[in-house]
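Asker: Protein chains in written order, with my numbering: chain A, 1 to 513; chain B, 1001 to 1465.
Among the hints, a few may not be true.
[Claimed, not checked] Ranges of calculated distance between the beta carbons of each label pair, as one might list FRET restraints:
#1 A:L343 with B:A1320: 53 to 61 Å
#2 B:T1086 with A:N248: 48 to 56 Å
#3 A:K404 with B:R1108: 52 to 60 Å
Keep in mind the hints are simulated off the structure, nothing from the lab.
Where is the CB? At the ideal position from N, CA and C, for every residue including glycine.
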Amino acid sequence: MPQSAEKALDHAPLFCEPEYRQMLAEKKLNFECPHPDQVVSDQREFTKSWKYREKNLARQALVVNPAKACQPLGAVFAAAGFERTMSFVHGSQGCVAYYRSHLSRHFKEPSSVVSSSMTEDAAVFGGLKNMVDGLANTYKLYNPKMIAVSTTCMAEVIGDDLHGFIENAKSEGSVPRDFDVPFAHTPAFVGSHVDGYDSMVKGVLENFWKGTARTEATATINIIPGFDGFCVGNNRELKRLLDLMQVNYMFIQDASDQFDTPSDGNFRMYDGGTSINDVKAALNAEWTLSLQYYNTRKTLDYCRDVGQAATSFHYPLGVEATDELLMVISEISGREIPEAIRLERGRLIDAMADSQAWLYGKKYAIYGDPDFVYAMARFIMETGGEPTHCLATNGTSAWEDEMKELLASSPFGKNAQVWPGKDLWALRSLLFTEPVDLLIGNSYGKYLERDTGTPLVRLMFPIFDRHHHHRFPLMGYQGGLRLLTAILDKIFDNLDRETMHAGVTDYSYDLTR
Amino acid sequence: MSSLNAKNKDAFHELASEKSGSKGPKARLRNCARPMAPGTAVGGCAFDGAKVALQPITDVAHLIHAPLACEGNSWDNRGAASSGPTLWRTSFTTDLTEIDIVMGHSERKLFKAIREIKDGYAPAAIFVYSTCVTAMIGDDIDVVCKRATDEFALPVVPVNAPGFVGSKNLGNKLAGEALLKHVIGTVEPDEPGLCDINILGEFNLSGEFWQVKPLLDKLGVRVRACIPGDARYLQVASAHRSRAAMTVCSTAFVALARKMQERWDIPFFEGSFYGISGTSEALRRIADLLVKKGADPSLLHRTEILVAEEEEKVWKRLEAYRPRLEGKRVLLNTGGVKSWSVVHALMEIGMEIVGTSVKKSTLEDRERVKQTLKEENLVFESMSPRELFSLLLERKADIMLSGGRTQYIALKAKLPWLDINQERHHAYAGYEGMVQLARQIDLAIHNPMWPQVREPAPWEQALVV
Ligand code: SF4
Ligand code: SF4
Chain A
1 MPQSAEKALD HAPLFCEPEY RQMLAEKKLN FECPHPDQVV SDQREFTKSW
51 KYREKNLARQ ALVVNPAKAC QPLGAVFAAA GFERTMSFVH GSQGCVAYYR
101 SHLSRHFKEP SSVVSSSMTE DAAVFGGLKN MVDGLANTYK LYNPKMIAVS
151 TTCMAEVIGD DLHGFIENAK SEGSVPRDFD VPFAHTPAFV GSHVDGYDSM
201 VKGVLENFWK GTARTEATAT INIIPGFDGF CVGNNRELKR LLDLMQVNYM
251 FIQDASDQFD TPSDGNFRMY DGGTSINDVK AALNAEWTLS LQYYNTRKTL
301 DYCRDVGQAA TSFHYPLGVE ATDELLMVIS EISGREIPEA IRLERGRLID
351 AMADSQAWLY GKKYAIYGDP DFVYAMARFI METGGEPTHC LATNGTSAWE
401 DEMKELLASS PFGKNAQVWP GKDLWALRSL LFTEPVDLLI GNSYGKYLER
451 DTGTPLVRLM FPIFDRHHHH RFPLMGYQGG LRLLTAILDK IFDNLDRETM
501 HAGVTDYSYD LTR
Chain B
1001 MSSLNAKNKD AFHELASEKS GSKGPKARLR NCARPMAPGT AVGGCAFDGA
1051 KVALQPITDV AHLIHAPLAC EGNSWDNRGA ASSGPTLWRT SFTTDLTEID
1101 IVMGHSERKL FKAIREIKDG YAPAAIFVYS TCVTAMIGDD IDVVCKRATD
1151 EFALPVVPVN APGFVGSKNL GNKLAGEALL KHVIGTVEPD EPGLCDINIL
1201 GEFNLSGEFW QVKPLLDKLG VRVRACIPGD ARYLQVASAH RSRAAMTVCS
1251 TAFVALARKM QERWDIPFFE GSFYGISGTS EALRRIADLL VKKGADPSLL
1301 HRTEILVAEE EEKVWKRLEA YRPRLEGKRV LLNTGGVKSW SVVHALMEIG
1351 MEIVGTSVKK STLEDRERVK QTLKEENLVF ESMSPRELFS LLLERKADIM
1401 LSGGRTQYIA LKAKLPWLDI NQERHHAYAG YEGMVQLARQ IDLAIHNPMW
1451 PQVREPAPWE QALVV
């Protein structure tokens, strides 16, 4: 045995020891009925071919390795951005366990969500009783200021009516009459987590705004960040910029503190978030800006309906997109963009110029949520890179059109391809047949990295296998710097690995780059 | 849904008839399959339980028949290890949309998806899982699987455990049912041996079963099937020719073990590979059962020799850790077999247990906790994050051992924490595992970062003085 008390091996190296290797090889021989090595390697080669790619992309009934989550997950994330708000998911309990682990694994923070734990009885007789009991228990146990209700597929298939149910529960005394229980129907067989986010934010606004008339518009700007795995860094960075500009603003849905509580010996079930008073006051804002279009379509329509001006961005990353955001804010607030921000911008551009030779002409594959892929493609073209494959499992044909328009606007987008609705197994074929230099996406890309040898830059949600990325901003000029550095690090690390073999490849193993 | 109903009744019935323990079937049912109260904390669903229990069968394609996210939210989230195929980690789902549901296309889509898997991946078998939505709209996956099996000459196995029928626990059992009904006994092995065993309910997390297997190899005991950890379809299908069995996580597969005993006369026992005496006992009982079933009696003697040798070695190796761990206070928030086996293992090296949870534990598990700990009030059911937080502080724990979802509770209490559930990155089984466990606890407790975390900022200290 290779283990000893002085030198206890972790599991990664341990099972590489010869004893274990042999044991595992024997298992293969005795129990796997393995195909001959030749057949296996032929098959492996085949999956890299154009022919396989065609078959793979033609798949209709089967999704393999999806890059999207479902509506209620988005709703749960949205609810976490309001003061002392407990998410209550009406449906069977299993889904909720997934949302909690998902958020917890990404943010490295506890995540509290409850479910109405519907069972077979509820499937037959409807989930009213679960709602009545569930709201009562949640109210008693977790002392929230607000309970945000969303649904899983199950409740949607039965057709449970949330509004009626909540009214019923209130009459039965589950929660006080005037207690706030905003809700959103979030059937997961439609759309994805970004739609769930949209519905929940809209549900919260409606809860507080409905039936209230707008008084004279105040000169504030509402900002809705959208579903953002980097909200911890991003929201704080944006607030810093807005403070520098001395703008009156209000974040609607701000999960940055909820998912980044300090270690000081206190347990916070809730932290930060937009306060209920602020949400109420936000009705009178002049403008509502959304930082992500596909996350907030319905919400923005609603804001317009109540009389606000509204506009949206696609996840403002990089120079131009940040310029645009700041200019819009400056225009609607009448505030100048101060010198300090001008200097920041200059520094980002300087950095891009310093490194341009390393970035020019690099090819990328990007996957993730629609707004993010859009933003990333735009930034990459700013650096002289080519976004060869842009893929969003939850991308629609409208997104496809918008992407194409963006790509057509730059010579670097000339050869780019857009892949709405495709999964990561499709991307695998794309990477084999039309390889790129770098892959940008979430942690699930590590299998593509392994299979295709394309280095992965981890961005967006979820990132399970690296720590703390979400604490740093991607938005704004500072965020641009961080993005740039992340990409460059990957390029240089990779170059070092390729050139480190003494006497063989190390003629390019350089100290200065 | 009526057929489903009947099947679940069966599983419930099975739960209710579990032997031993003094409580009646009703109470038992409440214990094991009781749904969570609405609006309290939540655990996984039956579908999750079934998938968890079967997915580590590595050369099988696991197809989730559902709207996207039952799978989209959860694929590849467990750390079982495979010595070969990666297929089990690939996520397959039918991604049902509103149109499929409204138009009633879902069964056809499922059949097509099965074909696409067969064409694209040539798996040893395909397991098809129903979920809440597909069960509710009345999809009959049994029929689709049957048709696919016939048409493609490939085992296509239905797993009927939609989330809403109950807890993760129940899902584990339904998974066992599926194996029993469709897989085990369908393949005859070429050369069954007198020393073949099955290990049931061992997940091979972080490869930990590989630390136990060499011990069995040394004894000439062959693991015909370890279900599910690092299993191959053929192993599972021929598991009925083993001579004896051990269940490791009883919660998951004890019912399966019992039925295999009834059907194929395979005697079994419930054991654990955690801790020194736990491992030794398991080896002895395996040997004992095999000999009773006709293996060469010298096996008993050889086992004693091996146990003596290994125990001596491991105690020697643990000496390095004992003075550093003796008297340290541990709180366990885990479930099932670990609620007693790890407790026992830690007590063996002189640690003090200040609490252990018994969620997801069978009655037998609970009995054992009681026997091991003696003190009733150290045992608790699952609790809310805040209660857990208070408990850690009240009982002055030095460390919490739990799963990932509660890790941050310990960390917010400024306490060290170690993962002993499915996401852990170290293997704790067998004699080897005990050393690793001691080492990891030692590292966690004695990390120089803790004083830093616990003391106030220097300027605050200055104010106090
Ligand atoms: S897709 Fe539907 S059923 Fe599945 S996890 Fe999401 S809400 Fe639950
Ligand atoms: S929908 Fe049902 S089967 Fe799917 S995760 Fe939720 S509870 Fe489990």
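Asker: The structure should be examined with respect to each hint, and the outcome stated for every one.
Answerer: Structure-based check of each hint:
{"no.": "1", "hint": "A:L343 with B:A1320: 53 to 61 Å", "result": "holds (56 Å)"}
{"no.": "2", "hint": "B:T1086 with A:N248: 48 to 56 Å", "result": "holds (54 Å)"}
{"no.": "3", "hint": "A:K404 with B:R1108: 52 to 60 Å", "result": "violated (33 Å)"}
Checked against the numbered hints above, the structure breaks only hint 3 and satisfies the rest.
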